[in-house]
Amino acid sequence: MAYSDKVLDHYENPRNVGTFDTGEDDVGTGMVGAPACGDVMRLQIKVSPEGIIEDARFKTYGCGSAIASSSLVTEWVKGKTLEEAMTIKNAEIAEELALPPVKIHCSVLAEDAIKAAVEDYRAKQGATASDTAASAA
Amino acid sequence: MTSAEKLPIYLDYAATTPVDPRVAEKMIPYLTELFGNQASRSHAYGWRAEAAVETARAQVAELVGADPKEIIWTSGATESDNLAIKGAARFYRQKGNHLITLATEHKAVLDPMRELEREGFKVSYLNPEANGLVDLAAFQAAITPETILVSIMLVNNEIGVIQDIAALGAICRERGILFHVDAAQATGKVPIDLKTLPVDLMSFSAHKIYGPQGIGALYVRRRPRVHLEPLIHGGGHERGLRSGTLPTHQIVGMGEAYRLAGESMGSENERIRALRDRFLAGIADMEEVYLNGDLEARVPHNLNVSFNFVEGESLMMAVKELAVSSGSACTSASLEPSHVLRALGRSDELAHSSLRITLGRYTTAQDIDFAVALLKDKVAKLRALSPLWDMHLQGIDLNTVQWAAAAH
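Chains A and S, in that order, give the protein sequences.
Here the numbering used here is used: the first residue of the first sequence is 1, the next is one more, and so on.
Here the numbering used here is used: the first residue of the second sequence is 1, the next is one more, and so on.
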């Protein structure tokens, strides 16, 4: 399969590879996919008190397109608010990387990973907020 | 030539092999001066072509211990498999409607079987043991009074395991069942003697053993005679079993390739076994690496290895200096891991993490050393990227994880 130059670039020089401590309150973690399908993406975001994504990390098990899709979204989410990050669509990822039709699922997975990371962060914040409310009462 | 000058290094000999220069040299005159149609009985051009075709037939027969009259030319092993399986099943249909094969066979066997199912035959697809070999008791248990044909390959194309054809054939012979063997990956690698082997039909290929693409043969036993319904009708070539003008240059190439294989099989196998062992020794200190298929009952040319927690297609992309093949069919639209590895009971992630590395006549020790070093480097790089590797290091059993997406 011929990969686009952008896929090759992200594959050979993946951006923001790594791990944040999932226990930290300002970290949201999204893990999507399954080994049986040949793709697992873990995307993590670090969110400022103002709700801005300050940093992101990923690790991906999958084909070159899956690695490139997750590397790309770590760049895209940085500096965005949670709401803005939630508007990133798989079609934009697929277009940016010129993914062939058989690899579109990689971009879908990357979109799912953003949503899962944001939801995880919000769930944590919700839990913290109610803890605070409970202790204040 | 240094390794760098012939990149990527070819380690995909089970897919196809280069034509041996000695074979190419023999073929060329039959494209230009000796271009006759061997079916032309009225002039010397035809006679010379016929003589060349018959010499090649004897060369192929010689390597496998057959009578030249038992060798039918085809376009390749796929056609041979089709002719053997569909031809025999349709001819002997009144004797019974049950066929047996393995789930790990090549698609050139599995697809004709599917076609016969559409025609009303019943087919049993047996799973081999975890090492890729068929269990004789399980095989015997699958036979019914309706069974007319069994098709089992001698050497598996993906994992290189060698089935016990003599034992399987003996069981078939005892029950009066025809036995077809796909030997496309076997000739020149394992000795074959059809004088003693209880095999009725055997498929051969030229391009897997340094002959040209587009030519193959089918062995059809004469005593006791095996009948086939032909697939291709026309001028009645090859005793009516396969019509069509014979491609003399291809046939000459196949004959010469088989002659050379007979000459060098012993020494070549030893050389390749040493290279295979060098590779295995080179990767011995890597963690979570699994050889797929039995190591003992296996041709030395084949290594099918799963690098756990690394996905096969991305690994192939990382080792682009090597021409190898992935056990995962992710490059096709199916996104399914190899049907062979699945039939061995390998987990999905191991099946997705496999590479098939196949060695051959022109593989050198330097090629092996380069491949080992590159694989070690790239597997380490991809594992550093892999969340599954992280989880493994944390001691998490991936089978206990509830995975989010089952849709892909």
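If you are wondering where the hints come from, they were derived from the structure by calculation, not from laboratory data.
Treat the hints loosely; a few may be bogus.
Selected chain A positions facing chain S (in silico; Cβ < 7 Å) [said to hold, decoys possible]:
| id | residue |
| --- | --- |
| 1 | Val17 |
| 2 | Gly18 |
| 3 | Arg57 |
| 4 | Lys59 |
| 5 | Tyr61 |
| 6 | Gly64 |
Owing to the predicted nature of the structure, the values given are computational and were not obtained by experimental measurement.
Just so you know, even glycine gets a beta-carbon here, dropped at the ideal spot from N, CA and C.
Taking the hints in turn, this is what the structure says about them:
For A:Val17, the suggested interface contact is upheld, since its CB lies about 6 Å from the closest CB of chain S, less than 7 Å. Among the interface hints, the one on A:Gly18 is violated; its C-beta lies about 9 Å from the nearest C-beta in chain S, farther than the 7 Å criterion. The beta carbon of A:Arg57 comes no nearer than 11 Å to any beta carbon in chain S, farther than 7 Å, and the hint placing it at the interface is violated. The interface hint given for A:Lys59 is met, as the beta carbon of that residue sits about 4 Å from the closest beta carbon of chain S, less than 7 Å.
Residue-level restraint check for A:Tyr61 holds (minimum Cβ-Cβ distance to chain S is 4 Å; threshold 7 Å). A cut of 7 Å between beta carbons decides the hint on A:Gly64: the least distance to chain S is about 5 Å, and the hint holds.
Checked against the numbered hints listed earlier, the structure breaks hints 2 and 3; every other hint is satisfied.
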